Amino acid sequence: MRGKRQNQRQDEESHSFRNKIAELSELPKDVALGMPVLTVTGQMELCLENYRGIIEYTDSLIRIQTKTGQIRITGQKLKVVYYTNDEMKVTGRILSIEYQH
Amino acid sequence: MLLKIIRYIKGYIRIRITGYSTERFLNACSHKGIILWGLAPSGRAYEMNISIRGFRKLKPIIRKTGTKVSIVEKSGLPFFLHKYRKRKLFFAGALMAVSLVFLMSKYIWNINITGNLSYTDETLIRFLETCGVKNGMPVSEVDCARIVKDIRKEYDDIIWVSASIQGARLIIQIKENEDTIPEPGTEGEKEDSGKNPQENSAESSAEHPTDIVADRDCLITKLVPRSGIPLVQEGTEVKKGDVLVSGQVPVIDDAGTVIAYQYHESDADILGRTVLNYQDEMSLEYEEKEYFYQTKEQEPIEKVEYFLKIGKYRVGFGSTGNKYKDWEMYGFERQLCIGENFYLPISFGKKTVRPYRPNAGKYTEKEYQRMLSGKFQRYCKDLEKKGVEIIENNVKIYTGSQKAEAKGQLTVLMPVGTQAESQLMEIPVTEEQEETGE
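Protein sequence lines, in the order shown, are assigned to chains A and B.
Just so you know, we're using my numbering here: the first sequence kicks off at 1 and counts up by one.
Just so you know, we're using my numbering here: the second sequence kicks off at 102 and counts up by one.
No lab work stands behind these hints, which were simulated from the structure alone.
Owing to the predicted nature of the structure, the values given are computational and were not obtained by experimental measurement.
Even glycine gets a Cβ: it sits at the ideal position worked out from N, Cα and C.
Keep in mind that the hints are not guaranteed to be accurate.
[To be verified] Coverage of chain A stretches by chain B, computed from C-beta distances (three or more under 8 angstroms per stretch; other residues unrestricted):
#1 49-55
#2 66-76
[Stated by the list, open to error] Negatives, chain A to chain B, calculated, CB over 12 angstroms:
#3 Ala22
#4 Leu24
#5 Ala32
#6 Leu33
#7 Gly34
#8 Val40
#9 Ser60
#10 Leu61
#11 Met88
#12 Lys89
#13 Val90
#14 Ile94
#15 Ile97
#16 Glu98
[Said to hold, decoys possible] Listed below are the simulated SDA-like cross-link pairs for lysine to any residue, each with C-alpha atoms no more than 20 angstroms apart in a straight line:
#17 B/Lys165 / B/Thr123
#18 A/Lys67 / B/Arg145
#19 B/Lys105 / A/Thr91
#20 A/Lys77 / B/Lys133
#21 A/Lys79 / B/Met526
#22 A/Lys67 / B/Val173
#23 A/Lys79 / B/Val173
#24 B/Lys133 / B/Arg115
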């Protein structure tokens with residue numbers, strides 16, 4: 001239990017350290033830290049970059065693994081228009097976007 | 102749209118993935134750089150599109166993830182061609198179409214002429230044909246520089262020509278000389294000089310002086326010379342052929358003898374009073390056509406023939422043969438044309454024959470008077486347009502038993518004189534007499 005908390009702190013520290021470097025070097029965060037970039041157009045279109053992979057995909061739920069955690073997209077009639085190594089596009093009626101760590 | 106076309110040409114497959122860890126399959130695909138699109142879950146399985154090249158790389162992924170792949174649909178050009186590979190004529194046709202387009206583009210399909218104001222397209226195209234330039238000739242044989250030279254040589258008042266080839270079009274641009282518009286009085290002369298271009302050009306005018314010669318008997322009422330020496334005065338009666346203005350201006354020395362002549366193209370405004378005869382007659386009887394009508398409707402009885410002409414051969418549908426004694430025929434013929442002026446030797450048309458019964462009719466007094474005076478008024482208007490002023494008019498209508506006649510004389514003031522080449526006077530001493538004699 002103690003070890004885990006320590007580990008988490010270390011992780012946060014390193015995270016903030018890298019964050020500082022990223023800020024100093026004036027690089028965009030998505031490049032420097034590998035953060036996911038979400039571009040949402042209204043409620044019907046979602047463009048996602050910098051992810052690791054799909055964990056689950058049905059027409060009402062898509063779970064995506066990113067470097068910082070999972071992203072849950074719920075909606076209706078969700079459809080992946082294209083899926084490549086660095087970008088994916090989801091269309092349908094998007095109801096929620098959640099972040100899980 | 103472009104992406105869709107590229108995908109169609111390259112070909113793609115719609116596959117269905119079933120198995121335990123289908124998401125893993127997706128991630129593996131993206132990791133290997135295989136592009137997937139149109140993903141749609143259907144129950145426990147996924148359907149998606151994948152390129153042919155991507156599909157070939159799938160095998161290790163399938164083995165690793167333990168999924169099953171089944172092909173739902175194949176679409177795109179490679180599959181289309183493969184499906185119809187046995188239809189040899191189809192491919193032959195496609196190949197022929199391409200080669201025909203290629204071959205056809207080696208010939209001139211259209212001659213486009215722009216900038217021509219006084220010459221019609223037809224005139225110029227007919228002239229080009231005499232030089233061997235016509236629709237349907239090979240592009241490689243067109244010599245633009247030669248066309249330009251030929252046109253410049255043939256037409257004097259075309260001052261600039263450009264010929265160029267754009268694809269299968271021959272484009273000829275022309276600039277006409279708009280500055281020197283011939284005067285109404287000298288129009289006839291201009292046409293004459295068109296045949297003899299040297300005569301009219303400015304450089305040679307010094308060597309070929311021109312006189313103004315009376316073109317009819319008249320009494321000169323006004324004479325304003327611009328260049329040349331007037332030989333008559335206002336109030337002189339002249340006969341046809343008399344020289345009114347001479348283009349040879351004598352140079353006189355101190356002793357009063359002529360030592361040389363300056364040559365000019367003479368130019369003057371000359372008005373003369375003269376009498377014009379007017380006569381116009383018309384028959385009082387005319388033929389009235391009575392058409393035959395079908396009993397019930399007001400449709401006239403007529404026979405129609407449609408025809409198609411290809412080269413020398415002619416195919417007709419229907420016939421215009423009939424038993425009536427008198428009939429009139431009218432129709433039209435249209436020639437097929439590609440673009441603006443590439444006429445093919447194919448034409449079609451329609452001929453209609455309408456029989457009638459000729460009835461003799463007679464004009465009433467009012468009718469023939471109106472017709473004759475209308476014609477006379479038109480004649481007067483034409484005269485006025487030419488700059489003729491009518492002073493006196495005693496044209497009257499006389500009626501006979503068979504015909505009516507408008508007859509009389511018009512006294513008018515009109516421009517007189519036409520240009521004519523002067524006879525050169527070389528020897529100064531004898532010339533003086535000759536000139537006064539003329």
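Open item on the list: If you test the structure against every hint from before, which numbers come out violated?
Closed with: 2, 9, 10, 11, 12, 13, 18, 20, 21, 22
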